[in-house]
Amino acid sequence: MTGIEIFGAWLSIFLTVCVLSFLYDDNPIYKLAEHLFLGVSIGYGVIEIYFGVFKPNLLDKLMNGELGGFQRSLSIIPLILIFMLFSKLVPKYSWLARIPIAFIVAAYAGVKLTGELNANLMTQVAQSIPDLGAVWAEYGFWSWKHDGAGVFSSLFLVLGLSACLLHFYFSAPQNKAMQQVSRFGVLTLMLSFGASFGYTVMGRISLAIGRAQEMLGLDRLPEQVAQIHPRIATVVSAAIVIAFLVVWRRRQGDDYTPGN
Amino acid sequence: MKLDTLVRFQNMDRRWIFLGMGIAILIPMLFPMTLPFKVDERVQSLYDAVEEIPAGSTVFISADFDPASRPELEPFFRANLHHLLRKDVKFVAATLWPSSPPLVMPIFEELTAEYGKEYGKDWCFLGFKDGKELAIKAIGENIPETFPQDIKGNKIGDLAVTRGYKQAKDFAMIINISAGFPGTREYVLQIQGQYDLSIASATTAVSGPDYIPFYKAGQLNGLSAGMPGSAQYELLVFPDGPPEGVRLLATQSVNVLNVGHAFIIILIVLGNIAFFVTRQAEEVE
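So the protein lines, in turn, are chains A and B. All residue numbers for the first sequence refer to my numbering, where the first residue is 1 and numbers rise by one. All residue numbers for the second sequence refer to my numbering, where the first residue is 1 and numbers rise by one.
It should be emphasised that the hints constitute simulated quantities derived from the structure, not laboratory data. Using N, Cα and C, we set each Cβ at its ideal position, and we do this for glycine too. Heads up, some of the hints might be wrong.
In silico DSSO-like cross-links for lysine-lysine, where the CA-CA straight-line distance does not exceed 30 Å [to be verified]:
# : chain 1 : residue 1 : chain 2 : residue 2
1 : B       : K166      : A       : K145
2 : B       : K2        : B       : K87
3 : B       : K38       : B       : K2
4 : A       : K61       : B       : K166
5 : B       : K121      : A       : K55
6 : B       : K117      : A       : K61
Selected chain B positions facing chain A (Cβ under 7 Å, derived; list incomplete) [claimed, not checked]:
#  : residue
7  : D4
8  : V7
9  : P28
10 : A113
11 : F128
12 : L189
13 : T204
14 : V206
15 : G208
16 : P209
17 : I212
18 : P213
19 : G226
20 : V259
21 : A262
The shape of chain A in the complex, shown without the other chains:
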């Protein structure tokens, strides 16, 4: 490994510890890491967009002498639309920005509409009407082997979906029967939110595991660990950050109020 790679690994661990210091409280060393991250991300994004989009799709076409005059002049249209977007900065001419925004919205709506209708609405509606005969033949009433697939789950899907839809149907009078159906709909929604919450928690813990693996050197080959010494980097970084937090906290004195 080169010296710069080893420095990069140490910097990565130091910045991770800086960000984790937010768990104690919002503090300047966390802010430093946050601003650095934002700055680098924006800088990187701008370069990627310039070389990946702006240059090949606009500048190269405008400068390309091989293209005919008509094709080159066509490329001026997006350039004009870009300048019109910037008219937002001048209140007197800000209305001009509505034209490119209208193009963007219209194009996006057109692209989204067909996909949503075909793949999301139609296919998913069709899937919510299960063929119970086929489900019974394949899985029976309940199959432990297939994560609970079967007639019970299919019926629960149909009833739960119907109850959810009825819960949001406000035009019907809320009599006792409707209230019971609505309650079942809420229960189904809560089950769904619970599953999503569980997956979200899993995702967040996975992120923490990823950082811990890097800090402990578990994600690298032994020869790389021998060169980087990630555990030493973690201890040194933690010592610097803790020392900073102690000094920062003392300077605040009695004015200190926890920020989170």
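Based on these hints, arrange chain B on the given structure of chain A.
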């Protein structure tokens, strides 16, 4: 448990929870244990779909993830590349995420070199393309027009691996490693139905529940969600354990995940008990 203890528990400084979670993650990492886990039907389908690709075919990989989703998706990405390369399947890769190229290119280079594959002949990386859903639509319609050059500046027509592959439907399979938008959802909505594509997806845990209906509807032929999905795929690709020099990061992490979950569940149960008992006591007062 005394009432004032429960009240104190409810008002506990949240930093103790952070510390507890940190310890819950670190201990099983420092003292690893091996608990068995089973392979989900969705991951098995994904594995089977890749297994059925004939040797010599070419797949399209859309590596749409970033450093933030690396712990969840990189293990799958690596295991999937091992799977494809040892089956002699060629691949054309691209990404719709700007931060992806520096992350995935070294992995492509490392693993293809390990299997003795040649750039341009057995694989290529077309790099990043902006445009999100519009870019996906363009991949469905015309890849050479969408990516006139690869990441190294070669003209796409000069690469043997891309010859004869003009549209997404020309590939044996689309493998999408998706950390969010744009990703699997957009591939399914924009081009899967239109071209009847075979798409397999590895996604983050957060997106997992959203994509399960696509799998159930047959719009995806396999789905791996989060770190457990990656671990299961690793298990299928390396049933006898990893070869020398290969790290199964997701498999290592599954037990850590279990301990983390147990800690959260204990807190949820205790929090609920404390809430209901204190509320009852307040009502009595």
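Check each numbered hint against the structure and report the violated ones by number, ascending. 1, 2, 3, 6, 7, 8, 9, 10, 17, 20, 21
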